[in-house]
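Given next are the chains, with one letter for each unit.
Protein chains: 2
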Amino acid sequence: MLVAQTLNEPRVRLRRERVLREAVDLADAIGADALTMRRLAEQLGVVPMALYKHVANREELLDGMVDLIVGEIEGELASEQEPAAASTDWQTGVRRRTLAARRTLQRHPWSRRVIEGRTTKTTAVLDYIEQFSSLLLAGGLSPDLTHHALHAIGGRMWGFTQELFDESHDAVPAPPPDPAMLQAAAARYPSIVAVATFRAHDPGSVVGRGCDDDAEFEFALDLWIDGIERLHRRHWSSAPEV
Amino acid sequence: MLVAQTLNEPRVRLRRERVLREAVDLADAIGADALTMRRLAEQLGVVPMALYKHVANREELLDGMVDLIVGEIEGELASEQEPAAASTDWQTGVRRRTLAARRTLQRHPWSRRVIEGRTTKTTAVLDYIEQFSSLLLAGGLSPDLTHHALHAIGGRMWGFTQELFDESHDAVPAPPPDPAMLQAAAARYPSIVAVATFRAHDPGSVVGRGCDDDAEFEFALDLWIDGIERLHRRHWSSAPEV
DNA sequence: ACCTGAACACCGTTCAAGT
DNA sequence: ACCTGAACACCGTTCAAGT
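As they're listed, the protein sequences go chains V and A.
If you're matching positions, the first sequence starts at 730 in this note's numbering and goes up one per residue.
If you're matching positions, the second sequence starts at 730 in this note's numbering and goes up one per residue.
There may be inaccurate statements among the hints.
Stated by the list, open to error - Examples of chain V residues lying across from chain A (beta carbon under 8 Å, computed):
| no. | residue |
| --- | --- |
| 1 | V823 |
| 2 | R825 |
| 3 | T827 |
| 4 | L855 |
| 5 | D856 |
| 6 | I882 |
| 7 | H961 |
Said to hold, decoys possible - Listing some non-contacts, in silico: residues in chain A with all C-beta distances to chain V over 10 Å:
| no. | residue |
| --- | --- |
| 8 | L773 |
| 9 | G804 |
| 10 | A916 |
None of these hints come from the bench; they were simulated from the model.
Every residue gets a Cβ at the ideal spot worked out from N, C-alpha and C, and that includes glycine.
Put together the whole structure using the sequences plus the hints.
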């Protein structure tokens, strides 16, 4: 597994990964609430304070755990039986990836709730969203529609796109973006950047306007309403076709 | 506000409501994590242990808080400007109710996360789901489709239908249902019961089979995929129509 | 560079006692 | 019937010290 992080020296990264790995295993066994710094330290045969050399605090520990298992999704996807034709429609790609994500997170029953509690966007999470977004854009969807589609699926599927493009709920306002960092982000997350910035290129809209929470909520709601009504009109049934 | 509960004597209920009301206000001010039993007791000018006469423990406190604010949805709905024609299609009814729920929960920023953490189904929550289900059934949707529709919207909109019909994740298996309680439940929650039990009346299916998590997940996923693809084909745009 | 031990300021909850 | 005080078994995290 390759998790790219702000790297210091290799010894530290090795130790940090072991801490996170053990934390994930322990949470699998006893749940996330029962996973305390002290309990984890005991598991590692070390004094509680030793953990703080590898992890700033409990919040960062949880972030790291989420990062670790979200990173596993890629492996789950790769290990599938059917290799999937080189080029398929976006629907098939999204379906495969979403079901792989679900299978991965289901192996860690605590992960759903913890993911929803996180506000930090770690690299593995951004990587996942990047892959997801790129599938939609490659399918020909506009950045506009992709943007709304991400918001609409976010809550139910992983919970972590929820606040992705929207900083308005953060207690501390985001610092003005450093141009160098923006460039680095654009290189690594081209699809996310395309989706997040399309409004700036739209001459008809105010530059830099953020998300409209209400509009996105109603988009998702109407998507659901229209879909259900159409199934209703088609006399949909869950019974297997005979 | 009317919150029906397993009632003991009126004095206790009065006190309990005051504890819950204060807890909600305090959580609004400092967040749910910072809301500790001790902090709440201080706010009420009372020693921490005094709370335990009105609430079994912190979990029950949170349940009560959720119950209180979910109960507010009905009032929010009633206080709307447009009185809404007596008979409309189910879509309009569901839309109004869902947006009223959203407005209510938005006034309590901590509520979304807390609701998702709860596993208990309190009365106000069941009442809300009952209203919601009855709108769909009255609209002519089959219990089968209603069932799947509830699962599909659950996560995103309120988070609390998630495990409604599915006990498989509970640590303790549900006790065999008491016939008298079932009858009482059927009286108060006819739509929920209709949705939850329709399989038993379907001759083609195994009686009593529970939910199929995987099938419901894929139902919601495909609902989303199909909806997005249809918008894509229609060249959907978020820009206001000119 | 990494780990330790003792301490601080908290938790939720119990128990036995008060009125 | 309701509230209290002291105590228990925990937390996350600090600080100063060890190697």
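Verification of the supplied hints:
1. With 8 Å as the threshold, the beta carbon of V823 of chain V comes within range of chain A, its nearest partner Cβ sitting at about 6 Å, so the hint holds.
2. A distance limit of 8 Å between C-beta atoms decides the matter here; for R825 of chain V the minimum to chain A is near 11 Å, and the interface restraint is violated.
3. About 6 Å separates the beta-carbon of T827 of chain V from the nearest beta-carbon of chain A, less than 8 Å, and the hint is met.
4. A cut of 8 Å between beta carbons decides the hint on L855 of chain V: the least distance to chain A is about 21 Å, and the hint is violated.
5. Annotation: interface hint on D856 of chain V violated; nearest CB of chain A at approximately 21 Å, more than 8 Å.
6. This hint holds: I882 of chain V has a C-beta 5 Å from the nearest C-beta of chain A, less than the 8 Å allowed.
7. At its closest, the beta carbon of H961 of chain V sits 5 Å from a beta carbon of chain A; the interface hint therefore holds under the 8 Å criterion.
8. The beta carbon of L773 of chain A is kept farther than 10 Å from every beta carbon of chain V, the shortest such distance being approximately 26 Å.
9. Chain V leaves G804 of chain A outside its interface by the beta-carbon criterion, the shortest separation being 21 Å against a cut-off of 10 Å.
10. No Cβ of chain V comes within 10 Å of the Cβ of A916 of chain A; the nearest lies about 27 Å off, and the non-interface call holds.
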